[in-house]
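Novice: Listed below are the residues making up each chain.
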Amino acid sequence: MSKVEYSIDELHNLVHLGLRSNLLTSPFKDRWLPNVAADIIHDLKTKGNPLKNSLYKNMKLNTLTDHMNVASSIKHRGHIHEHDDSEIVIDDGVACTLDRINYKFKLVEPMQRYNKVKNYEPYFQPTNRIGDLCLLNSTGPLQLKVSKDTKLSTTISYVDNYGDTDLSCVLLIVDIGKHSKVDLDEMFVNKNGQKLYNILYLVRDGAELNLTRNFDITNKENAMNVVESKVIQFPNSSFKYTVTGEGSKHTQDILNVDVHEYCNTEIKGSFYCYENVVNNSVANIHHIGKNSKSRVDIKSIIDDNAHSSFLGCITVDKDATGVDAELYNKNLCVSDSATVITEPQLDINTKDIMCKHGCTISNISKEQLYYLNSRGIEDYKSEDILQQCFLAN
Amino acid sequence: MLVTQEFTVKVDNQVILSDLHLDFGPGIHIIMGPNGVGKSTFAHGLMGHPNYDVSGAAQLNGKDLLDMETFERSRAGLFVSFQNPTPVEGLSNFQFVRQTMMSKDENVSTIKKLTDFKGHAEVLGLPEDWDKKQLNVEASGGQKKKNELIQMLMLDPEVVILDEPDSGLDIDAIKDLIQTIKEFASRNKTIIIISHYERLINELDIESVVVLGKNKTKKGDVSLAHKVLQEGFKDFE
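Chains as they are written, first to last, in numbering that gives the first Met the number 0: chain A, 0 to 392; chain B, 0 to 236.
No lab work stands behind these hints: they were computed from the structure.
Just so you know, not all the hints are guaranteed correct.
[Stated by the list, open to error] Stretch-level coverage of chain B by chain A, calculated; a stretch enters the list once three of its residues show a Cβ under 8 Å from a Cβ in chain A:
hint	segment
1	44–52
2	60–71
3	81–92
4	96–103
[What the hints assert, rightly or not] Here are the computed distance ranges between Cβ atoms for each label pair:
hint	chain 1	residue 1	chain 2	residue 2	range
5	B	K213	A	T241	54 to 60 Å
6	B	T109	A	A391	15 to 21 Å
7	A	K355	B	M101	35 to 41 Å
8	A	A391	B	K112	19 to 25 Å
9	B	T109	A	Q124	50 to 56 Å
10	A	K115	B	K131	48 to 54 Å
11	B	H20	A	T241	55 to 61 Å
Virtual Cβ for every residue (Gly too), placed ideally from N, Cα, C.
Sequences are here, hints too, so could you generate the full structure?
Specialist: Take a look at the structure:
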């Protein structure tokens with residue numbers, strides 16, 4: 000039995016070793032994303048360690064890099080325990096669905112013969128971010144494919160049934176067919192260690208994806224989750240994203256949305272961070288096509304010694320006239336020892352658009368607190384009510 | 000019964016009120032005074048505003064108010080209606096009242112209280128969905144004042160200080176206000192109204208009038224209010 004201990008900070012140098020069967024070492028690698036993998040390897044050689052990317056400058060990255068993963072030569076394929084309340088369960092490159100005969104979607108595992116993941120290569124580009132490491136180290140890409148004109152409501156749990164000490168890497172492609180309407184509830188279950196996710200969502204022409212993402216609020220102190228999501232909205236599509244969480248030892252929720260013409264995009268987040276958790280949110284909205292509308296509204300309450308960062312960016316391309324975009328991040332900091340960093344960015348390359356942004360960090364209003372006190376509500380309860388109001392409003 | 004002795008309030012180390020000896024029993028009382036003399040400061044000094052430095056003594060039915068936290072003063076039976084009620088986004092008018100009532104009694108019947116709330120709102124001419132509106136958000140000045148009255152009626156305190164309850168109200172609303180105050184006072188309540196509004200003074204059965212001046216304070220009956228209304232505050236500058 001041999002073991003290799005390593006930090007995620009070293010992972011870019013280790014992918015060729017085959018700590019696991021991955022997109023470089025698997026016998027199936029040529030059927031998956033060979034060109035993307037080659038491009039990323041080239042990118043790593045020329046640009047270096049992705050963890051040095053400036054994207055992470057406000058993210059308290061040491062809470063991620065200080066952790067030592069342990070890769071073992073013992074190969075044991077665990078069994079996925081079907082979650083009572085989730086229709087689809089994913090653990091690394093293994094997935095199952097409770098609804099085995101479902102004509103509304105197909106869940107395709109990496110080794111399956113009719114895996115056509117290669118078709119998705121054009122949608123992946125090297126980013127020199129942790130998402131690239133996730134892709135390379137994934138045990139294979141999973142696909143969730145929803146046929147066109149389908150109405151579907153389903154749930155996914157990203158679990159950890161192996162219970163191993165190595166990091167987990169999930170590569171998932173969610174392809175929503177034209178004119179379909181999909182409600183997708185995602186639950187990210189914590190593990191004692193690191194989980195990396197690289198998820199591509201394709202929202203085809205005229206389709207609607209309502210994505211609700213919940214981060215596990217148990218076992219936060221030993222869990223690290225890095226979720227990098229790429230959403231491609233085809234013309235006339237709608238994407239609504241609602242995310243809630245309480246952070247973890249280190250959480251990154253990085254959302255990149257490419258918005259083509261006549262699309263509607265709505266991003267809403269609410270986080271309550273306390274004790275020593277680290278929670279980082281990134282929302283990059285890239286308006287490629289004209290006459291689209293986007294709204295980003297992320298709220299966080301930060302208490303105790305928690306660390307919260309937000310980076311929001313709206314990019315409007317030269318041809319994307321008629322865009323209506325708003326970007327807001329509001330933070331309620333209720334502790335002197337908490338850290339809050341918020342950074343809005345606008346990159347506007349055309350005229351004839353509407354764009355608003357606002358990022359705030361505030362404390363609980365003393366006047367509001369007094370008003371509630373004056374009606375007989377004690378301090379702690381008043382603060383609790385005002386915090387709930389902050390998130391709910 | 001509200002009694003103050005040597006009641007002094009400082010804000011930012013500046014003395015706003017000094018050495019007030021006042022007492023208010025059941026009935027309706029008026030407090031008048033020139034702008035900036037500290038009428039609202041008196042109310043919020045008693046209520047326990049965190050920015051105010053208060054000394055002396057203040058007792059509510061024999062209980063030492065100054066020894067209590069703000070929420071305890073409310074629970075002891077003191078209510079101050081705000082001149083500019085604070086907006087709280089995300090909290091509905093009824094949820095706020097419900098929370099205040101639950102802080103005193105966790106087993107309070109929500110349905111019963113909602114029925115009462117809606118009844119008060121209807122009497123005061125507020126919109127049908129007033130219970131669902133956000134607290135003091137996007138409401139007119141008059142609506143906010145009426146909302147303060149609803150809170151008073153729901154909380155049913157012993158001693159009430161209404162800070163310019165008439166401002167922002169139209170003629171019909173003033174009529175409702177007077178009727179509400181009369182009915183509330185009839186239940187052996189102590190109501191202290193900070194106002195210079197002649198109609199209130201004429202139509203309510205005034206027990207006493209206090210005029211706060213910059214250098215002197217005078218207490219009398221309703222004739223003192225009429226004197227001030229005719230002659231102004233020149234004797235109190």
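Novice: Would you mind marking each hint as holding or not holding in the structure?
Specialist: Status of the hints after comparison with the structure:
{"no.": "1", "hint": "44–52", "result": "holds (count 5)"}
{"no.": "2", "hint": "60–71", "result": "holds (count 3)"}
{"no.": "3", "hint": "81–92", "result": "holds (count 7)"}
{"no.": "4", "hint": "96–103", "result": "holds (count 4)"}
{"no.": "5", "hint": "B:K213 / A:T241: 54 to 60 Å", "result": "holds, 57 Å"}
{"no.": "6", "hint": "B:T109 / A:A391: 15 to 21 Å", "result": "holds, 18 Å"}
{"no.": "7", "hint": "A:K355 / B:M101: 35 to 41 Å", "result": "holds, 38 Å"}
{"no.": "8", "hint": "A:A391 / B:K112: 19 to 25 Å", "result": "holds, 21 Å"}
{"no.": "9", "hint": "B:T109 / A:Q124: 50 to 56 Å", "result": "holds, 55 Å"}
{"no.": "10", "hint": "A:K115 / B:K131: 48 to 54 Å", "result": "holds, 51 Å"}
{"no.": "11", "hint": "B:H20 / A:T241: 55 to 61 Å", "result": "holds, 59 Å"}
Of the numbered hints given earlier, the model fails none.
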